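All chains should be built: construct the whole structure from the sequences, respecting the hints.
Protein chains: 2
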Amino acid sequence: SASSNGSGTRVMIIGGDGYCGWATALHLSQRGYNVCVVDNLCRRQVWGEISGRHIDLAIGDVCDWEFFGEKFRTFSPDAVVHFGEQRSAPYSMIDRKHAVYTQNNNVIGTLNVLYAIKDFRPDCHLVKLGTMGEYGTPNIDIEEGYITINHNGRSDTLPFPKQGGSFYHLSKVHDSHNMAFAARAWKVAATDLNQGAVGHPLTVYGKGGQTRGYLDIRDTVRCIQIAIDNPAKSGEMRVFNQFTQQFSVNQLAEIVKQGGKKFGLDVQVSNVPNPRVEAEEHYYNAKNTKLQDLGLQPHYLEDSMVDSLLEFALAYKDRVRMELIKPAVDWRAKTGQAAAAAAAK
Amino acid sequence: SASSNGSGTRVMIIGGDGYCGWATALHLSQRGYNVCVVDNLCRRQVWGEISGRHIDLAIGDVCDWEFFGEKFRTFSPDAVVHFGEQRSAPYSMIDRKHAVYTQNNNVIGTLNVLYAIKDFRPDCHLVKLGTMGEYGTPNIDIEEGYITINHNGRSDTLPFPKQGGSFYHLSKVHDSHNMAFAARAWKVAATDLNQGAVGHPLTVYGKGGQTRGYLDIRDTVRCIQIAIDNPAKSGEMRVFNQFTQQFSVNQLAEIVKQGGKKFGLDVQVSNVPNPRVEAEEHYYNAKNTKLQDLGLQPHYLEDSMVDSLLEFALAYKDRVRMELIKPAVDWRAKTGQAAAAAAAK
Ligand SMILES: NC(=O)c1ccc[n+]([C@@H]2O[C@H](COP(=O)([O-])OP(=O)(O)OC[C@H]3O[C@@H](n4cnc5c(N)ncnc54)[C@H](O)[C@@H]3O)[C@@H](O)[C@H]2O)c1
Ligand SMILES: NC(=O)c1ccc[n+]([C@@H]2O[C@H](COP(=O)([O-])OP(=O)(O)OC[C@H]3O[C@@H](n4cnc5c(N)ncnc54)[C@H](O)[C@@H]3O)[C@@H](O)[C@H]2O)c1
Chain A
1 SASSNGSGTR VMIIGGDGYC GWATALHLSQ RGYNVCVVDN LCRRQVWGEI SGRHIDLAIG
61 DVCDWEFFGE KFRTFSPDAV VHFGEQRSAP YSMIDRKHAV YTQNNNVIGT LNVLYAIKDF
121 RPDCHLVKLG TMGEYGTPNI DIEEGYITIN HNGRSDTLPF PKQGGSFYHL SKVHDSHNMA
181 FAARAWKVAA TDLNQGAVGH PLTVYGKGGQ TRGYLDIRDT VRCIQIAIDN PAKSGEMRVF
241 NQFTQQFSVN QLAEIVKQGG KKFGLDVQVS NVPNPRVEAE EHYYNAKNTK LQDLGLQPHY
301 LEDSMVDSLL EFALAYKDRV RMELIKPAVD WRAKTGQAAA AAAAK
Chain B
1001 SASSNGSGTR VMIIGGDGYC GWATALHLSQ RGYNVCVVDN LCRRQVWGEI SGRHIDLAIG
1061 DVCDWEFFGE KFRTFSPDAV VHFGEQRSAP YSMIDRKHAV YTQNNNVIGT LNVLYAIKDF
1121 RPDCHLVKLG TMGEYGTPNI DIEEGYITIN HNGRSDTLPF PKQGGSFYHL SKVHDSHNMA
1181 FAARAWKVAA TDLNQGAVGH PLTVYGKGGQ TRGYLDIRDT VRCIQIAIDN PAKSGEMRVF
1241 NQFTQQFSVN QLAEIVKQGG KKFGLDVQVS NVPNPRVEAE EHYYNAKNTK LQDLGLQPHY
1301 LEDSMVDSLL EFALAYKDRV RMELIKPAVD WRAKTGQAAA AAAAK
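Read top to bottom, the protein sequences are chains A and B.
In case it helps, my numbering puts the first sequence at residues 1 to 345.
In case it helps, my numbering puts the second sequence at residues 1001 to 1345.
Treat the hints with caution; some may be incorrect.
Said to hold, decoys possible - Derived CB-CB ranges, DEER-like:
| hint | chain 1 | residue 1 | chain 2 | residue 2 | range |
| --- | --- | --- | --- | --- | --- |
| 1 | B | Gln1246 | A | Ile325 | 30 to 36 Å |
| 2 | B | Val1320 | A | Leu294 | 54 to 60 Å |
| 3 | A | Ala333 | B | His1054 | 35 to 41 Å |
| 4 | A | Asp229 | B | Ala1333 | 31 to 37 Å |
| 5 | B | Cys1042 | A | Lys97 | 19 to 25 Å |
| 6 | A | Val198 | B | Leu1041 | 43 to 49 Å |
| 7 | B | Cys1042 | A | Asn139 | 56 to 62 Å |
| 8 | A | Asp229 | B | Val1267 | 31 to 37 Å |
| 9 | A | Asp318 | B | Ile1059 | 55 to 61 Å |
| 10 | A | Arg218 | B | Lys1326 | 39 to 45 Å |
What the hints assert, rightly or not - With the C-beta cut set under 8 Å, the calculated list includes, among others, these residues of chain B facing chain A:
| hint | residue |
| --- | --- |
| 11 | Pro1159 |
| 12 | Phe1181 |
| 13 | Tyr1300 |
| 14 | Glu1302 |
| 15 | Met1305 |
No lab work stands behind these hints: they were computed from the structure.
Computed from a predicted structure; not experimentally measured.
All C-beta atoms, glycine included, are put in the ideal place defined by N, C-alpha and C.
What follows is the structure, encoded as structure tokens:
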């Protein structure tokens, strides 16, 4: 499967030390793309070399223009994949300071990327990670980025209305608006990948009827490659909803419960009070055809997947830090009251 | 007209040293409101005392939490009017630095205001200045903040899709999303006043078919008072479109041309190349009934108004700095190329 579509295409990966970014860097590097990772290592301090291929590594902050502008100019990428944001919703809700940090880090970082493209490489394709959480849970079908609205006898296709549920999700909403403008004003070619959850929350908050989109990490990296290989046109701000299946939290809990039986486990599902502000029972139907139209073949969450995850979890169960699983941040809590301990995942 | 609706209501006015803010401070103070102005004086350095009533003045930055949080806590307002943002679209488009400054100043300032309300005075009513420019120029009627969308047999009332045309306009879009979230999550009572243009651009960019909403500065201050006197409910994020008339740039030019005749002036209308990225001919129909339903009696742009403005302009014509009228910032220009001289109005 290590087909060499890449053939030297220069891809800059911002946030390439992260969960999705590192997997993507390996995936693309293996397939012959010329990869440069930019990361401020705000999540970890260790970095290794990978076998065979070279990954250019630039340690620094995308919000630091002196550093980032110069690195972008000299690497001169054909595509830039931007993962480099603070991506924890609970973290963004700890208090004012964390909300400000999140929105500043994410919005200004993306502004810098847009200006770097405009000033140094106008035809570089921006592939930006957004989140399905930008849409909230409207009572109508969620389209991919845009919706055609008929109103008082007239019609227009407009950005899908956004209702982010935390200051993190809202930072992504802000990014999307800034990117759409850069596409209109400067003819930047951009793809916004509104990703579903890659990790699977197993704690049931409240009623557990919250339905969301999910995808396998193996599909995450393929989606990124598909976006790079099929770039947006100049001036186009394309939005793909990047998930492969929808589940409610209760459905996920049930799948794990069933899977546990094979291992002789009696999985208990407990409903804990919901620290978030969200509808716990709602309509949810989001479209996700565009990536599959471009060739994505989903890895669905199947029994075998659940089995291997459970096996893994059982093998290392003594390493689990239980105190990190329970919610540490309450969306409604007063600033300062919230546990700073919430190095919130 | 100096009815004393105020009777001691504590109103904090952020950005009260500005064009709209100062007029509002005087208007409310005269009517018995207990006014505190917060401003970082980023636009001017002089401040005077006004006759009779006292206006509490706090010089500092709304982005500086140590200063602002403390002032908010001790003044403990019933309503806070937030004018305190960088409000020039051309300024925001000079280069990367000005875009970053604008979005940081505006978005973080509003985040601070939201946290101040949440932490110190949850029932304080936020009256925030937005702009009609948040909507862009969609091909459908512009509603006041929300639109009911029927889609695939289902229906929901959602935030009206936004398409800001500069990083300034986009900062207001970001504010609106953050405010709507604070209303949902923390039950903040908020009114977003999407204001039309208070000044009248007389330079015709491009074809001049650009249609926008306008209002008289005397109505601006009344709209603010109406919002304060009829506060939003807890958890409500209300949006009013604050303008009284719609004109195309060509229509405005024609009105001035006609007015000029009375003064024996042969007003020349010249079309200059458009530095902005915008549709120059488009459908435009925005709703503005909510403020009038609450009692606003508009001062329409009439001949007498144009006469007095022309009289004023003629009396001081030797003070006009012609070089400041022509556009100094090009939306498409490369960073650094744009005249920093654009202390852009
Ligand atoms: N993991 C998911 O389920 C999921 C779901 C939806 C969207 N996303 C989005 O995908 C992207 C990657 O998510 P992830 O789970 O890999 O997150 P992660 O935290 O593991 O990785 C993010 C990386 O970005 C870096 N970073 C953050 N701010 C930076 C800055 N200013 N300059 C340079 N580097 C910076 C961090 O050091 C980290 O290595 C994020 O934008 C996230 O919002 C993730
Ligand atoms: N004037 C218009 O036609 C118009 C149209 C639509 C919307 N608006 C909005 O109305 C509001 C007021 O506009 P204006 O024309 O009076 O602008 P202005 O520039 O005259 O006034 C803004 C004031 O806010 C202050 N300020 C800016 N950032 C601040 C910060 N971080 N902390 C403290 N003070 C700060 C400035 O010093 C200034 O006194 C703005 O939010 C603007 O976007 C104005």
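**Request:** Mind checking the hinted window 54 to 60 Å against the Cβ distance between Val1320 (chain B) and Leu294 (chain A)?
**Result:** 57 Å, holds
**Prompt:** Does the CB of Phe1181 (chain B) sit less than 8 Å away from some CB of chain A?
**Reply:** 6 Å, holds
**Prompt:** In this structure, is the beta-carbon distance linking Asp229 (chain A) and Ala1333 (chain B) contained in 31 to 37 Å?
**Reply:** 32 Å, holds
**Message:** Can you tell me whether the CB distance of Cys1042 (chain B) to Lys97 (chain A) sits inside 19 to 25 Å?
**Reply:** 23 Å, holds
**Request:** Report holds or violated for the interface hint on Tyr1300 (chain B), using the least CB-CB distance to chain A and a cut-off of 8 Å.
**Result:** Because about 25 Å separates Tyr1300 (chain B) from the closest Cβ in chain A, which is outside the 8 Å limit, the hint is violated.
**Message:** 30 to 36 Å was suggested as the range; check whether the CB atoms of Gln1246 (chain B) and Ile325 (chain A) agree with it.
**Reply:** Given about 56 Å between the Cβ atoms, the range is violated.
**Asked** Does the Cβ pair Ala333 (chain A), His1054 (chain B) satisfy 35 to 41 Å?
**Response** Because 37 Å falls inside the window, the suggested range holds.
**Request:** Mind checking the CB of Pro1159 (chain B) against every CB in chain A and telling me if the closest is under 8 Å?
**Result:** For Pro1159 (chain B), the interface hint holds, since the closest Cβ of chain A sits about 5 Å away, which is under 8 Å.
**Asked** Does the Cβ distance between Val198 (chain A) and Leu1041 (chain B) fall inside 43 to 49 Å?
**Response** Given about 47 Å between the Cβ atoms, the range holds.
**Prompt:** Does the hinted range 39 to 45 Å hold for Arg218 (chain A) and Lys1326 (chain B) at CB?
**Reply:** 56 Å, violated
**Request:** Look at the Cβ atoms of Cys1042 (chain B) and Asn139 (chain A) and judge whether their distance stays inside 56 to 62 Å.
**Result:** 43 Å, violated
**Message:** Does the closest beta carbon of chain A sit nearer than 8 Å to the beta carbon of Glu1302 (chain B)?
**Reply:** Result: violated, 29 Å to nearest chain A Cβ.
Hint compliance for this structure: hints 1, 7, 8, 10, 13, 14 and 15 are broken, all remaining hints hold.
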